[in-house]
Amino acid sequence: MGIVVIGAIFVDIKGYPSEVYIPGGRNAGRVEQVHGGVSRNIAEDIANVELRPTFISLVDDTGVGADVIKKLNAHKVNTDYIRVTPDGMGTWLAVFGNNGDVVAAISKRPDLHP
1 MGIVVIGAIF
11 VDIKGYPSEV
21 YIPGGRNAGR
31 VEQVHGGVSR
41 NIAEDIANVE
51 LRPTFISLVD
61 DTGVGADVIK
71 KLNAHKVNTD
81 YIRVTPDGMG
91 TWLAVFGNNG
101 DVVAAISKRP
111 DLHP
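1 is the number of the first residue of the sequence shown in this note's numbering; add one for each residue after it.
In short, the hints are calculated from the structure, not lab data.
Some clues are possibly wrong.
As the list claims (entries may be wrong) - Across the chosen pairs, the derived CB separations fall in these ranges:
hint	residue 1	residue 2	range
1	R83	Y16	29 to 35 Å
2	N73	V103	31 to 37 Å
3	P86	E19	37 to 43 Å
4	K70	A28	45 to 51 Å
5	K70	V103	18 to 24 Å
6	V84	V38	19 to 25 Å
7	V31	K71	26 to 32 Å
8	G25	P86	31 to 37 Å
9	D101	I6	28 to 34 Å
10	E50	K70	32 to 38 Å
11	G29	P86	29 to 35 Å
12	P23	E50	43 to 49 Å
As the list claims (entries may be wrong) - Taking lysine to aspartate or glutamate and the EDC-like style, the derived pairs with C-alpha atoms no more than 20 Å apart in a straight line are:
hint	residue 1	residue 2
13	K76	E50
14	K71	E50
15	K108	D80
16	K108	D45
17	K76	E32
18	K71	E32
19	K71	D12
20	K108	E50
21	K76	D101
22	K70	D101
23	K71	E44
24	K14	E32
25	K108	D12
26	K14	E50
27	K76	D87
28	K71	D101
29	K71	D45
30	K70	D80
31	K14	D101
32	K14	D67
33	K70	D12
34	K70	E50
Don't be surprised by glycine CBs; every beta carbon is placed ideally from N, CA and C.
Using the sequences plus the hints, can you model the full thing?
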């Protein structure tokens, strides 16, 4: 099996203000959504150096979960051991200030119960 990576998959939602960030105020800007999770990032990075890791994890039974698997497969990560389950992925919501630091964040962990 070679290299095995085990861990959670997150969806990272990042907000960046287009003007001066106003704490507690309404801030216009841009919002990005990317696949995240430290272990998912590691599995993808290992695959990017032409090694073929196996990733053991969970994904949601949604289109986003399917997209995560599709992207990992495109990087040649073995996804045979990723289980599809309701609430299988976490979410990290972060707002960045003008200097690039996180000024607010909320994290929802995935449901890892069997």
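Compare the distance between the alpha carbons of K14 and E32 with 20 Å, and conclude whether the hinted pair is satisfied.
-> 5 Å, holds
Taking 20 Å as the top limit, are the C-alpha atoms of K70 and D101 close enough?
-> 31 Å, violated
Assessment of proposed distance window 29 to 35 Å (beta carbons of G29, P86) = 31 Å, holds
K76 and E32: Cα distance at most 20 Å?
-> Violated. K76 to E32 sits at ~25 Å, over the 20 Å cutoff.
Given a hinted range of 43 to 49 Å, is it respected by the beta-carbon distance of P23 and E50?
-> This hint holds: roughly 45 Å between Cβ atoms.
Take the C-alpha atoms of K70 and D80, compute the straight-line distance between them, and say whether it is at most 20 Å.
-> Holds, because 12 Å separates the two Cα atoms, which is no more than 20 Å.
At the C-beta level, are K70 and V103 separated by a distance inside 18 to 24 Å?
-> Violated - the Cβ-Cβ distance for K70 and V103, about 33 Å, lies outside 18 to 24 Å.
Given the hinted pair K108 and D12, is their alpha-carbon gap at most 20 Å?
-> 10 Å, holds
Holds or violated: K71 with E32, Cα cutoff 20 Å?
-> 17 Å, holds
For the pair supplied as a hint, K76 and D101, confirm whether the alpha-carbon distance does not exceed 20 Å.
-> 33 Å, violated
K70 paired with E50 [C-alpha distance capped at 20 Å] = Holds, because 18 Å separates the two Cα atoms, which is no more than 20 Å.
Could you check the hint for me, namely that V31 and K71 are 26 to 32 Å apart, CB to CB?
-> Cβ of V31 to Cβ of K71: about 19 Å, so the range 26 to 32 Å is violated.
The structure fails to meet hints 4, 5, 7, 10, 15, 16, 17, 20, 21, 22, 26, 27 and 28 from the earlier list, while all remaining hints are met.
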